[in-house]
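S.K.: Using the sequences and the hints given, assemble the complete structure.
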Amino acid sequence: MLSTVLDRKAEKRFALVDCNNFYVSCERLFNPALMGKPVVVLSNNDGCVVARSQEVKDLGIKMGIPVFRIYELIKRYDVQVYSSNYSLYGDLSGRVMSTLAYFAPDVEIYSIDEAFIDLSGFRYRDLTEYGNEIRQRVLQWVGIPVSVGIAPTKTLAKLANLIAKKSSSGVFDLSVYPSMDEILSQVDVGDIWGIGFKYATWLRDKGINTALQLKNADESLIRAKMGIVGVKLQLELRGESCLAMELLDNPKKGTCVSRSFPQSIDTLPELKEAIASFTHRAAEKLRRQKQSASVITVFARTSPFRDNFYSNSATAELDLSTNYTIELSRVAAQLTESIYRKGQNFKKAGVIMTGLVSEKQVQGNLFDVSNDEEKMRSRNLMSVMDTINEIYGRDTLRFASTGVIQVWKTKSEQRSPKYTTCWQDLLEVS
DNA sequence: TCTGGGGTCCTAGGACCC
DNA sequence: TCTGGGGTCCTAGGACCC
110 MLSTVLDRKA
120 EKRFALVDCN
130 NFYVSCERLF
140 NPALMGKPVV
150 VLSNNDGCVV
160 ARSQEVKDLG
170 IKMGIPVFRI
180 YELIKRYDVQ
190 VYSSNYSLYG
200 DLSGRVMSTL
210 AYFAPDVEIY
220 SIDEAFIDLS
230 GFRYRDLTEY
240 GNEIRQRVLQ
250 WVGIPVSVGI
260 APTKTLAKLA
270 NLIAKKSSSG
280 VFDLSVYPSM
290 DEILSQVDVG
300 DIWGIGFKYA
310 TWLRDKGINT
320 ALQLKNADES
330 LIRAKMGIVG
340 VKLQLELRGE
350 SCLAMELLDN
360 PKKGTCVSRS
370 FPQSIDTLPE
380 LKEAIASFTH
390 RAAEKLRRQK
400 QSASVITVFA
410 RTSPFRDNFY
420 SNSATAELDL
430 STNYTIELSR
440 VAAQLTESIY
450 RKGQNFKKAG
460 VIMTGLVSEK
470 QVQGNLFDVS
480 NDEEKMRSRN
490 LMSVMDTINE
500 IYGRDTLRFA
510 STGVIQVWKT
520 KSEQRSPKYT
530 TCWQDLLEVS
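So the numbering used here is basically just the index in the first sequence, starting at one, shifted up by 109.
A couple of the hints might just be wrong.
Label pairs and their computed distance ranges (CB to CB) [unchecked claim]:
hint	residue 1	residue 2	range
1	246	428	48 to 58 Å
2	332	144	42 to 52 Å
3	315	145	22 to 32 Å
4	524	489	45 to 55 Å
5	145	246	17 to 27 Å
6	470	286	47 to 57 Å
7	144	375	38 to 48 Å
8	145	328	39 to 49 Å
9	428	328	40 to 50 Å
10	356	332	46 to 56 Å
Hints listed in this document are in silico derivations from the structure and should not be mistaken for laboratory results.
No residue lacks a Cβ here, since even glycine has one placed at the ideal position from N, Cα and C.
M.R.: What follows is the structure, encoded as structure tokens:
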């Protein structure tokens, strides 16, 4: 009896497949000369380091550091610098994910470069071997190196992946390792999935420095500070699976488009232009997701790294939810006027759509005066715009309100070609 | 003097993730 | 001089209701 209970507890097996230095690996795939060289990929506006090759990690360059702080190192070690090329990364991500689908029916795409695979049904196989197959197949079919961590819970699989990354084989199955506690005692508490800077600081303050110490820590202490999330985390560390696979593509609860400006903006027309453009992008996203928004928030702020930080936002509720660009833009323009302050140097702004409902469920409003024919015409206009922009490239067709000057436009000076998603950028072999 | 109690809903803010 | 963007979940506390 007891053994069957234990059996059931040990039933689950999760693999976390994580692409190694994903953005850097994407750049290297189309430019093999980058192999073995230090490479970084930068965030929007070429602001911060968001991906690093191993050589760069070895130089001690941290994730998220502003690039201007490491110019010296870049020069000295001839670090290759790239702007983000999201269309390339997104396309390659899709190829990795579809390759993973060959290995198990249940794959949860967790982020652009990570997926959980439910291997519970395969647990009597040698999963280390299976992990190796996964690794080799992705490398062969897509050209991206991945690491595979395997364990009885998602949290432990994340942890196993950290170890896999450091190992030469790139695969680590924690569930067959003789002493899990020994491993946990070597993992810093801040490296656990779900423990960020704030919690890590607090935990260390309480003398909890390792994953093993967190696993064995007083539950009421953890609950008081971290709530139910902390309790589940402890259980997961103990091998009891609390976080299930999320397989349904849940509809989004909010959609946000925001940008930092390369130079700050201080006039109302410029701010309106920027926000108009973000609103257009957000409306496009909503239509792609087949959703409509009923609440719209506009925000703008100055640089948090300067004195006299100023930040403001305004929200409006729509009578009738919509994903029609012109309606959303009209509201966004009014909101922008209400948050603008003369004399402020705005460095970032954005628009957030919430109260999202499925396009089909949009409730009619008694006071809605537009007739069906009008609605049909708006819908057709949007769908024509979306199609043209999809075929001929973003912003082929756009509204005049998004501006002609576009001083706010994102900087991206080191972008590699869109090798896989744009005909003009196809790699040429001669 | 002494001023209910419990439920629900909503929102803002705080934490986290990649 | 130069510091990303887009999400999720949970909780506490206030409003409101009977």
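S.K.: Against the earlier hints, flag every one the structure doesn't satisfy and list their numbers going up.
M.R.: 3, 4, 10
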